[in-house]
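Novice: Here's the letter readout for the chains.
Number of protein chains: 2
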Amino acid sequence: MPYTAPTRDFMYLLDHVVNFETVTRTDAFAEATRDVCEAIVTEAGRVCEEVLAPLQRDGDTKPAFLENGVVRTTPGFAEAYRAIAEGGYIGMSAEPEFGGLGLPLAVTTTVNEMMSSACLALQLNPLMTQGQIEALENHASDELKALYLPKLISGEWCGTMNLTEPQAGSDVGALSTRAVPNDDGTYAVTGQKIYISWGDNDFTDNVCHLVLARLPDAAPGTRGISLFMVPKRLPDENGDAGVANDMKVVSLEEKMGLHGSPTCVMQYDGAKGWLVGGQNKGMAAMFTMMNNARLGVGVQGVGVAEGAYQHALAYALERKQGKADGTGTIVEHPDVRRMLTGMKADTMAARAIALSCAVAIDMSNATGDAEWTARAALLTPIAKAFGTETGIAVANEGVQVHGGMGFIEEMGAAQYLRDVRVTAIYEGTNGIQAMDLVGRKLSDGGEAAYRLLDEIEKDAEAARNGHGELAQAVWSAAEALRETTEWLVAQDEMQARFAGAVPYLKAFARVLGGHFHLRAALAEGTAGRRTALARFYIERLLPEHAGLLAHARAGAEGLYEMGVEDLAV
Amino acid sequence: MPYTAPTRDFMYLLDHVVNFETVTRTDAFAEATRDVCEAIVTEAGRVCEEVLAPLQRDGDTKPAFLENGVVRTTPGFAEAYRAIAEGGYIGMSAEPEFGGLGLPLAVTTTVNEMMSSACLALQLNPLMTQGQIEALENHASDELKALYLPKLISGEWCGTMNLTEPQAGSDVGALSTRAVPNDDGTYAVTGQKIYISWGDNDFTDNVCHLVLARLPDAAPGTRGISLFMVPKRLPDENGDAGVANDMKVVSLEEKMGLHGSPTCVMQYDGAKGWLVGGQNKGMAAMFTMMNNARLGVGVQGVGVAEGAYQHALAYALERKQGKADGTGTIVEHPDVRRMLTGMKADTMAARAIALSCAVAIDMSNATGDAEWTARAALLTPIAKAFGTETGIAVANEGVQVHGGMGFIEEMGAAQYLRDVRVTAIYEGTNGIQAMDLVGRKLSDGGEAAYRLLDEIEKDAEAARNGHGELAQAVWSAAEALRETTEWLVAQDEMQARFAGAVPYLKAFARVLGGHFHLRAALAEGTAGRRTALARFYIERLLPEHAGLLAHARAGAEGLYEMGVEDLAV
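Protein chains in written order, with the UniProt record's numbering: chain A, 1 to 569; chain B, 1 to 569.
Treat the hints as calculated values from the structure; they're not laboratory data. One thing to keep in mind: the hints can contain errors.
Repeated chains share a single entry, so a pair holds when one copy, or any two copies, can fit it.
[Said to hold, decoys possible] Dumping the calculated DSS-like pairs for lysine-lysine here, alpha-carbon to alpha-carbon at most 30 Å:
1. K248 x K272
2. K281 x K320
3. K320 x K248
4. K281 x K458
5. K145 x K248
6. K281 x K248
7. K281 x K145
8. K272 x K145
9. K458 x K145
10. K320 x K145
11. K62 x K458
Same shape as in the complex, but just chain A (with noise of 0.2 Å):
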């Protein structure tokens, strides 16, 4: 699909919205100048318009299938797959003594973002690999990182996350893979599991599956699971891939999206592993990888928002209709101009806030600071449930601006639309990120979320003169949520947190929409487009949240007044 890179948006976000010049400022960026960073991106850019957006379609048409327990991929993935390891952006942000480029995760991001929306089956693979490496880069012994990261930076091998099993999707502590001490210090792996995205393909030398197991006698819950590196191929004594290790593919998924990645049922027998992390230890480093790949997905909305739209623009200024003489066309319609404008402020919205979660991250890693660990912690969240919803939203706005043609597959409207939804289902779904919110990352008495709030405060306040009505609904929005967040802080039982965590997640990404979006303005003056995108988003979207707001006060005691026997037909 004709996708271009907007490049000039992330410039405009790191420049003016979501204070990248800190990140830029630190000792251990110092390197990564704000012109190289759009040098990098400008390329990457390219990268993503000529050799991955091509393919787009073809991961839906000629998907992935297994042939004889290999995985057979897309015609043109293995190519491009090439372009992206050579490109460096799989360890962009991976430390330089393993051959990684050492980039700001910000970079990265919009990097990740761009692939997103020029081929999302695809920019899973690499995507999984960004995790695994952090994990390995955080938990793993030197031994093991210096045999597998200088493979996984290049994309000679790549990486899997294998978590889920039958019976432990969300409730991971339930997973029963065994592994099993052998002599050497490596331990024997045997079980199944599910939903591995990429859990093998044809175009690597080596798949590394980063497998959560238990070991013998270990506590029963998520107290006695430990992360287990189980390479496809051991390597050698040259640390190349060596013979087969003793799993297999049962089986792929056939799914309602996202065709051109395989959804791998992995079956391991007394397959080799070794321990990454202490012994039990597997949920923190898992939550290492799972962190970093939260922000990941949700700048996979992102990514898929920003294509819908592209595309969707793209048949509104072309569709003809409504002028005698032909040449009106229906971008000009108030309900399709509605549409697409919306579509373009929601998706700057979620994609500020994910830069902003981005550049927390890049802040926390570089000065170790515990406000900026606390602020993205915060965010991680949110950029994951809404990059999400709005990447489904933005998707499905795309079906319907092309009326029938929409519901039609060869128009590509609606493989972004089902491409995107499972990304509120993986890494946690959305629920979950909810849940997380309102749970731990309030943990603090709110004192993280308070902080950003005063700065939202501030930032409004500053902003009074020339944007009043603007400032003011910010303002408003942010002190509304603020009561909310008190309400939710003082409720000891977490299930009134919980029953409304999700309106309470929405109607926060909404206020900090609200807020970048008021930035950007700013940053332009009194007039422009970015402002006229501002207005658009706080007068007509922002008002959400009072809704939003009402519905996560609401609490848990109605919720559960309607019994199970009420819900039944």
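Given the coordinates of chain A, work out where chain B should sit on it, guided by the hints.
Specialist: Same frame as chain A, but now just chain B:
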């Protein structure tokens, strides 16, 4: 897919919420006593459960296909169609003179909903025929009526509507199919039509196409359009299907869903047709058909919502998670409970809106009363758009309830979403519905809307005793809707109304939902499942109306502040 007919809910709504009693008290529907209707709904429910529901997945996995110019349908559809026809469900509301049952549309609406829940792809076939029957009843000559209506009502033949052409979708006036008079009073119809649902099948003796076309020298635009009956096979001297007419199915569309329903590209090559209604009066005749079909499509959305809800509930009741002893299921989780209760509450609201629209149509037909006619006209776009939006939103939430399994096609959750997506597009996109609401339907200066709001507020006043908070919330929401309605009516520039038409329609539906939930609670007393559901809806979902109304009032100015060039990347 397993499905249980919600007969109890239908009867509760008919008895206590949508004033169906008024219909049974008219002379026209004197025989349709409440108990007769219940018996019919019960029996139809059994057919849907036992005959249609088992075919739902087959429609997706064994889709219709074109073989040597003939459409082959999903195995089992032919027999299920026969069951629908023999049950009398096609001509339920058709005139008894031609074999119809003459029942209120409210009753037909419940049956249409159940068929949609059980097997949407097949149900679309009789729905199209129902629209055609009504168009012929109102506009065809006695000769055409006598020839076609008995066969359509019995289901021996079925009907389609042919509006869209490649360059004429929402802009019907742009169509170019030609109809040239023959010497015998018939017409030779030539042109291509697209998106023809059930344009052909292999289980009825004939397929009757109502085709919009232009006479030679007709005026441009919608004023120059006429309607023609163009049967696949020309009736012979006995009125049976005779020789083939000059038309063919060119191809079937490959769609996002609804694969069991063949969507045809039809080619007419001088096909013989008969004028229905006067020359150049095609739009009026078509609107009769479309108005019926619009309610019918809204009901499709409600039906899919019910089906997807039941499917998700069954999964949530079965899926183990959380308790150490293995007895807990995810239905106990607050976020899953929130999703399911929200799905049920919205489905109830959408169903009540559809049934109240059907009641208004029945009253209009029975009494000719202008206020009922205006009420029906006002509610039709709301029933269509909110019903289908609810179908999409509930099916989407159903996918989410399933977690990872929701994305796996075998589960069936994804199919509901893929199938129902088109309902927001066909029979006039939901954007068109919303423009109809704020344009034509408020062209009475808002009279019909205000009359409805008066009723809502009066009901809420009466409910203050016993349901104080809920009543107050509904009253306030109605008042807010009234204010925005006044604002809309005061806008002379149509663009200002259109810019916020879709959020206005949604807000209207939200308020109507609150109204009907409150009525359901009132009839129950002060506690019980319907009161609990009403409380959920009114406390958690109704508050959305405020944000939507803010959007609706924002007008066109700010919308067009973003120029077309500002929408570009």
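Novice: Which earlier hints can't be squared with this structure?
Specialist: Hints 4, 9, 10, 11 contradicted; others consistent.
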